[in-house]
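What follows is each chain in one-letter form.
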Amino acid sequence: MTALLSEEILSCIGRQSSPRREIVTRRDIRKYAIATDNRQAKYLAGDVAPPLFHVHLFWDVVPLSELSPDGVSIDTLLPRFPLEKAMAGGLDITYHQPIKPGDWLTATRTLTDIYEKSGRSGPLIFYEVLMEVRNDAGEPVVTEKTTRILR
Amino acid sequence: MSLTPKVGMALPERQHLCEVVQQMLYNASLWNGHRIHFDVPYATEVEGYPGLVVAGPLIGDWLHQVVDEWLGDAGMITGIEYSNRVAAFIGETVTAGGTVTAYDPESGEIRLEVYVKNDREEVLAPGVVTARLER
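Protein chains in written order, with our numbering: chain G, 1 to 151; chain S, 152 to 286.
Note that these hints are calculated values from the structure, not bench results. All values reported here derive from a predicted model rather than from experimental measurement. Certain hints may be false.
To be verified - Over the 12 Å line for every Cβ pair with chain G, so calculated as not near, a few chain S residues:
#1 G159
#2 M160
#3 E170
#4 N178
#5 S180
#6 L181
#7 Y233
#8 G248
#9 Y266
#10 A276
To be verified - Sample of chain S residues at the chain G side, in silico, Cβ under 8 Å:
#11 V171
#12 Q173
#13 Y177
#14 W182
#15 T195
#16 L209
#17 D212
#18 I228
#19 R236
#20 T244
#21 T246
#22 T250
#23 S258
#24 E260
#25 R262
Backbone N, C-alpha and C fix where the C-beta goes; we use that ideal spot for every residue, glycine too.
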């Protein structure tokens with residue numbers, strides 16, 4: 001197997017983003033519920049957030065000048081990889097407790113692994129990012145592991 | 152509310168029309184500016200897609216909803232594993248569904264296999280959901 005991953009890239013394993021703290025509002029829950037075609041009253045009223053609401057809450061809010069020409073925000077947690085074409089990735093999420101309006105939540109993202117494998121059509125790079133969402137008491141609320149594949 | 156899961160039982164399916172205004176509101180609510188979701192010339196001419204691409208996490212949300220609606224207030228989703236395998240495009244109608252694969256009446260824990268498929272029966276996103284009934 002060709003060694004695509006340099007020592008410099010591999011040394012990024014363990015890199016952590018600075019924690020982001022956000023407040024949950026009823027209005028944001030309502031917008032998310034409507035936009036996702038949800039039809040349960042408790043979410044449409046914003047009484048409690050539906051699962052996956054953390055995606056909305058912690059999507060990077062970046063200035064327009066920091067978007068690439070295709071409109072994507074650059075993930076500063078990641079090193080520059082020698083392969084760039086993204087393939088399907090996977091998510092593994094654990095929900096520890098419900099999210100409600102007024103909750104202050106803090107997310108920390110960690111680049112937990114980078115490795116390569118040989119696929120049918122050539123080498124593949126895999127990386128894993130762990131996002132931990134906690135409340136102000138320090139209790140886990142959502143844990144999300146994302147695995148992405150580059151070819 | 153009582154819910155009696157049985158291994159092998161299918162959840163009621165749910166259809167979603169991938170509609171352009173809804174997609175715009177979804178991506179705007181996230182702050183997702185990726186052009187493949189709203190810029191037709193970019194999506195088709197530069198990226199070579201047949202149309203505007205439905206956001207991957209929205210398909211993921213529909214995997215949750217089909218289970219969450221079935222649970223109602225009887226329980227909550229405790230976890231999911233899924234991947235986006237095939238893209239969906241604006242104008243398509245997709246179908247979410249699932250099957251109970253395990254149930255432990257003692258702990259109230261349920262395991263389900265879930266999917267979102269298109270009208271060609273291609274599975275866009277397969278997944279496994281775990282949930283727990285309130286006791």
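Any hints from earlier that this structure breaks? Give me their numbers in increasing order, please.
3, 4, 5, 6, 7, 10, 11, 15, 20, 21, 22, 23, 24 and 25
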